[in-house]
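Note that the working numbering has the sequence shown beginning at 3, numbered continuously upward.
These aren't lab readings, by the way, just hints derived from the structure by calculation. We treat Cβ as the ideally placed atom computed from N, Cα and C, and that holds for glycine. Heads up, some of the hints might be wrong.
Here are the simulated EDC-like cross-link-like pairs (lysine to aspartate or glutamate), alpha carbons at most 16 Å apart as the crow flies [unchecked claim]: (1) Lys43 to Glu92; (2) Lys60 to Asp105; (3) Lys34 to Asp105; (4) Lys34 to Glu92; (5) Lys43 to Asp105; (6) Lys34 to Asp56; (7) Lys60 to Glu92; (8) Lys35 to Glu92; (9) Lys25 to Asp68; (10) Lys43 to Asp89.
Quick list of the computed label-pair ranges, beta carbon to beta carbon [said to hold, decoys possible]: (11) Ile113 to Gly46: 15 to 25 Å; (12) Lys35 to Asn66: 36 to 46 Å; (13) Asp56 to Ala109: 16 to 26 Å; (14) His98 to Gly57: 17 to 27 Å; (15) Asn66 to Tyr99: 16 to 26 Å; (16) Lys18 to Ser47: 14 to 24 Å; (17) Thr13 to Gly87: 16 to 26 Å; (18) Lys25 to Asn101: 14 to 24 Å.
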Amino acid sequence: GVTDTPGIGGTPADEKLTAALTKAFSSVDEFKKKFNEAATKRFGSGWAWLIVKDGKLKITSTANQDNPGMKGLVPDADLGTPLLGLDVWEHAYYLHYQNRRPDYITAWWNIVDWSAVSARFAAG
Numbered sequence: 003g004v005t006d007t008p009g010i011g012g013t014p015a016d017e018k019l020t021a022a023l024t025k026a027f028s029s030v031d032e033f034k035k036k037f038n039e040a041a042t043k044r045f046g047s048g049w050a051w052l053i054v055k056d057g058k059l060k061i062t063s064t065a066n067q068d069n070p071g072m073k074g075l076v077p078d079a080d081l082g083t084p085l086l087g088l089d090v091w092e093h094a095y096y097l098h099y100q101n102r103r104p105d106y107i108t109a110w111w112n113i114v115d116w117s118a119v120s121a122r123f124a125a126g
């Protein structure tokens, strides 16, 4: 379901974050599509991330418990400052979604705290 809490779910209210997402990915919807792909294609346990690196927004993913802030410790990740992370370990969704990771990812967008993402973006 969709929440009625301001700043939760939907799209970011922050114009600067929206502009940055649009600049990096052509639109917020395209960002969500590419983020979904990263989360869906992460083999096994891990995370999908929106990061800021050198002033630019990027999407990456990491295995297991690794995160993009672990400089020098994560060989395959595009390292940067994490702004948004989605846990795609099976334990995060199996109880409610069994093996339907894409359904979990779709539902997850309804609870994204865009105000927290915007605050991290402003600080980064």
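Checklist entry - Where does the structure disagree with the numbered hints, that is, which hint numbers, in rising order? => result 2, 4, 6, 7, 8, 9, 12, 13, 14, 16, 18
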